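In case you want the letters, here they are:
2 protein chains.
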Amino acid sequence: MRGEFQQYMAARRQQVEAALDRYTAGLDAPSRLVEAMRYSLLAGGKRLRPILTIAASELFGLEAADVMPGACALEMIHTYSLIHDDLPCMDDDDLRRGRPTCHKVYGEAMAVLAGDALLTQAFALMAEQAAVPRVGPARAVRAAAELAHAAGAEGMVGGQVEDLAWEGRQADEPQLRRIHSLKTGALFRAAVRMGGILAGAGEEDLDRLGRYATHFGLAFQIWDDVLDVTGDAALTGKGVGRDARLDKSTYVTLHGVEGARERAYQAVRLALEELEPFGGAGWVLRALAESVVDRVA
Amino acid sequence: MRGEFQQYMAARRQQVEAALDRYTAGLDAPSRLVEAMRYSLLAGGKRLRPILTIAASELFGLEAADVMPGACALEMIHTYSLIHDDLPCMDDDDLRRGRPTCHKVYGEAMAVLAGDALLTQAFALMAEQAAVPRVGPARAVRAAAELAHAAGAEGMVGGQVEDLAWEGRQADEPQLRRIHSLKTGALFRAAVRMGGILAGAGEEDLDRLGRYATHFGLAFQIWDDVLDVTGDAALTGKGVGRDARLDKSTYVTLHGVEGARERAYQAVRLALEELEPFGGAGWVLRALAESVVDRVA
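Residue numbers (numbering that gives the first Met the number 0), protein chains in the order written: chain A, 0 to 296; chain B, 0 to 296.
These aren't lab readings, by the way, just hints derived from the structure by calculation.
As the structure is a prediction and not an experimental result, all values here were calculated from the model.
From the derived model, a few chain A residues whose C-beta atoms are all more than 12 angstroms from chain B:
hint, residue
1, Phe59
2, Glu203
3, Gly258
4, Gln265
Under 10 angstroms between C-beta atoms, here's a sample of chain A residues computed to sit facing chain B:
hint, residue
5, Thr23
6, Ala108
7, Ala143
Glycine included, C-beta positions come from ideal geometry on N, C-alpha and C.
Use the sequences and the hints to build the structure in full.
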């Protein structure tokens with residue numbers, strides 16, 4: 000099963016990378032802008048969000064190609080958020096995925112604009128998604144609404160605002176959970192739910208996918224906090240101990256490494272429970288959730 | 000006619016302001032973020048882009064309420080672009096519409112995020128646009144594609160990149176025209192064409208509306224350059240002579256004030272020609288084009 004999952008991930012990652020390349024290579028735009036967009040977009044990464052969309056859509060009979068525009072829209076939004084979060088006026092990070100951040104290479108103005116362009120391009124892809132015959136405009140519109148709400152003021156952007164507001168102060172567990180539910184959880188929820196929406200899943204299944212994604216996102220975030228303390232900078236591609244230096248609350252400062260790990264495992268268990276009604280067909284989403292607390296980067 | 004037009008504009012502006020207020024007042028998001036978004040969004044302004052969308056849609060039998068989400072999406076994108084363009088790493092402006100710019104009031108991080116949130120919210124509105132019975136998902140998707148392409152790397156964002164690249168160097172007329180066609184023209188074209196698309200106009204009429212908007216945008220930009228030299232800072236809300244200090248090419252540096260004025264009038268004449276087939280029904284778009292070279296701010 001493990002080998003099968005790794006093959007699945009490698010294949011989907013390759014499809015996503017090829018599509019991201021295709022969706023940006025032909026842009027009729029200033030070459031330095033396109034270069035900056037692609038520098039960050041094609042910098043590797045696990046492509047978790049697009050693969051979650053694909054895997055969820057496969058549960059309801061679609062194939063990767065049917066949801067590729069929406070899947071890549073998610074990755075563009077994730078990438079733009081990293082570019083803007085790394086800016087000197089925000090988290091002021093020099094390294095991302097082991098390479099200099101976008102503004103370090105292209106300058107601040109270009110980094111702001113490359114982020115803006117990726118965010119905008121994501122919604123151009125959502126419009127393309129409507130042209131896929133097995134999807135159609137009505138489902139594409141609903142998925143676009145889901146994405147916009149998850150990515151905007153009521154979701155990811157709002158989460159980043161709250162995160163900045165808590166810097167240097169100690170958030171408690173409910174506050175920390177709320178910040179992460181918005182900053183990283185909302186996009187995971189949108190990723191999984193969009194797969195279902197594009198495939199025409201029923202409301203009950205969409206609710207189930209949403210709860211799965213909420214637990215998934217929580218496990219992911221807790222594990223990130225653990226890796227910040229225990230991780231290998233060469234693997235994570237960012238400085239270890241960064242959260243502590245920023246005097247930020249994390250699941251590790253609240254519960255210790257072992258307590259945080261236990262909470263991550265518990266979140267994965269809750270995620271897996273939501274998949275039970277899908278039976279064997281849910282094996283990819285199951286393996287994805289398990290892989291979150293298995294990773295070293 | 001002039002009185003009738005002014006009444007029309009005042010009524011539409013009021014409808015747009017009320018909708019912008021409604022679309023942002025209830026956001027479930029950090030209050031300071033919503034405040035920063037609304038500070039820039041509700042700062043007055045002519046609301047030209049949304050009114051162009053409304054006027055174009057009225058030509059084909061729709062009413063303002065039918066296209067209000069799309070019209071307000073345009074204004075949100077226009078506003079986000081002003082917030083980001085004003086940032087220290089871009090044009091570094093302290094004043095906009097006679098008030099301190101967003102980052103001067105809320106700080107740079109919040110200004111970046113307020114812009115991101117407005118851009119994202121614009122596409123949430125495009126999804127809402129699909130729910131309007133007289134529009135429907137297929138037309139809303141096409142309008143959203145038009146908006147995304149006009150606003151992104153191939154349009155407005157690309158234009159800002161080119162504009163920054165030419166700072167301190169003297170662009171010639173074709174280069175200047177290209178910059179402005181992207182930086183401001185693309186969104187005007189999208190505004191007018193979206194009105195037609197949402198109302199189900201035929202391809203020939205959409206092409207005509209696109210050409211009208213191209214001439215409109217050119218006249219608008221030339222007149223801005225004229226106002227930068229001859230304008231009253233108290234009315235324009237920004238420093239006079241700013242372009243010259245930045246050593247930027249403008250239509251005035253290329254052709255002098257009188258030569259620039261003559262080119263603006265010529266662009267308006269070309270815009271009006273495109274409206275001839277619409278007869279009397281085109282009166283609002285006609286008056287809008289004429290008003291561009293009549294304004295003092």
